[in-house]
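Peer 1: Position one of the sequence shown corresponds to residue 1 (the working numbering), numbered consecutively onward.
Rather than coming from a laboratory, the hints here were simulated on the basis of the structure. Model, not experiment: these values are computed from the prediction. Glycine included, each C-beta is placed from N, C-alpha and C at the ideal position. One or more of the hints may lead you astray.
[Unchecked claim] Straight-line Cα separation of at most 27 Å, DSSO-like style, residue types lysine-lysine; simulated pairs:
hint, residue 1, residue 2
1, Lys24, Lys58
2, Lys24, Lys52
3, Lys41, Lys52
4, Lys47, Lys58
5, Lys58, Lys41
6, Lys17, Lys58
7, Lys36, Lys24
8, Lys36, Lys17
9, Lys41, Lys24
10, Lys45, Lys24
11, Lys36, Lys47
12, Lys45, Lys17
13, Lys58, Lys36
14, Lys58, Lys15
[As the list claims (entries may be wrong)] Ranges between beta-carbon positions, derived for each pair:
hint, residue 1, residue 2, range
15, Ala33, Asp64, 45 to 55 Å
16, Lys58, Phe22, 15 to 25 Å
17, Asn60, Gly21, 12 to 22 Å
18, Asn28, Tyr59, 20 to 30 Å
19, Lys17, Asp61, 13 to 23 Å
20, Lys36, Ser8, 11 to 21 Å
21, Ala56, Glu34, 14 to 24 Å
22, Ala54, Thr26, 36 to 46 Å
23, Glu29, Asn60, 41 to 51 Å
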Amino acid sequence: MSGSDRLSNAAQDAKGKVKEGFGKATDNEQLEAEGKFDQGKASAKDKVEDGKDAVAEKYNDATDRHQDDDKS
Numbered sequence: 001m002s003g004s005d006r007l008s009n010a011a012q013d014a015k016g017k018v019k020e021g022f023g024k025a026t027d028n029e030q031l032e033a034e035g036k037f038d039q040g041k042a043s044a045k046d047k048v049e050d051g052k053d054a055v056a057e058k059y060n061d062a063t064d065r066h067q068d069d070d071k072s
């Protein structure tokens, strides 16, 4: 995952926390819900990217082992 993706997700999470807090402070249930939704979207994006990173790491490990076998 690129650093810009992580930064974008962190910004979306922070925006959601602000919205949620402002919604609670002003008794605005819709704004509070939007904030929670924004946080959930950011978390989901992070999990998807973490999964991609894990698959890429496994692939790289597998191909490195395969290259080592060819050298023998």
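Peer 1: Each of the hints needs a verdict: does it hold here or not?
Peer 2: Status of the hints after comparison with the structure:
1. With a C-alpha separation of about 43 Å, the suggested pair Lys24 and Lys58 falls outside the 27 Å cut-off, and the hint is violated.
2. For the suggested pair Lys24 and Lys52, the alpha carbons sit about 35 Å apart, so the restraint of at most 27 Å is broken.
3. Between Lys41 and Lys52, the direct Cα distance comes to roughly 17 Å. Compliance with the 27 Å bound is thereby established for this hinted pair.
4. A distance of roughly 16 Å separates the Cα atoms of Lys47 and Lys58; the hinted pair therefore holds under the 27 Å criterion.
5. Only pairs whose Cα atoms come within 27 Å are accepted, and Lys58 paired with Lys41 is accepted, the gap being roughly 26 Å.
6. This hinted pair does not check out: Lys17 and Lys58 have alpha carbons roughly 34 Å apart, beyond 27 Å.
7. Restraint check for Lys36 and Lys24: the C-alpha separation of about 11 Å stays at or below 27 Å, so the hint holds.
8. Proximity of Lys36 to Lys17 is assessed by CA-CA distance (about 7 Å); at most 27 Å being required, the pair is judged to hold.
9. The suggested pairing of Lys41 with Lys24 holds, with an alpha-carbon distance near 20 Å, which does not exceed 27 Å.
10. As the CA atoms of Lys45 and Lys24 are separated by approximately 25 Å, the hinted pair is consistent with the 27 Å bound.
11. Restraint check for Lys36 and Lys47: satisfied, since their Cα atoms lie roughly 17 Å apart, inside the 27 Å limit.
12. A hinted pair counts as satisfied when its Cα atoms are at most 27 Å apart, and Lys45 with Lys17 qualifies at roughly 16 Å.
13. Distance restraint check for Lys58 and Lys36: the Cα-Cα separation of roughly 33 Å exceeds the 27 Å cut-off, and the hinted pair is therefore not satisfied.
14. With a C-alpha separation of about 33 Å, the suggested pairing of Lys58 with Lys15 is violated against the 27 Å cut-off.
15. Distance hint check: the CB atoms of Ala33 and Asp64 are about 46 Å apart, consistent with the given range 45 to 55 Å.
16. Against the hinted window of 15 to 25 Å, the Cβ-Cβ separation of Lys58 and Phe22 comes to about 42 Å, which falls outside the hint.
17. The beta-carbon spacing between Asn60 and Gly21, approximately 41 Å, falls outside the hinted interval of 12 to 22 Å.
18. Separated by about 46 Å at the C-beta atoms, Asn28 and Tyr59 break the suggested range of 20 to 30 Å.
19. Taking the beta carbon of each, Lys17 and Asp61 are about 36 Å apart, not inside 13 to 23 Å as hinted.
20. A beta carbon spacing of about 19 Å between Lys36 and Ser8 agrees with the range 11 to 21 Å that was offered as a hint.
21. Checking the proposed 14 to 24 Å range against Ala56 and Glu34 shows it is violated: the Cβ atoms sit about 33 Å from each other.
22. Roughly 41 Å separates the CB atoms of Ala54 and Thr26, a value that falls within the hinted 36 to 46 Å.
23. For the hinted restraint 41 to 51 Å between Glu29 and Asn60, the CB-CB distance of approximately 46 Å keeps it satisfied.
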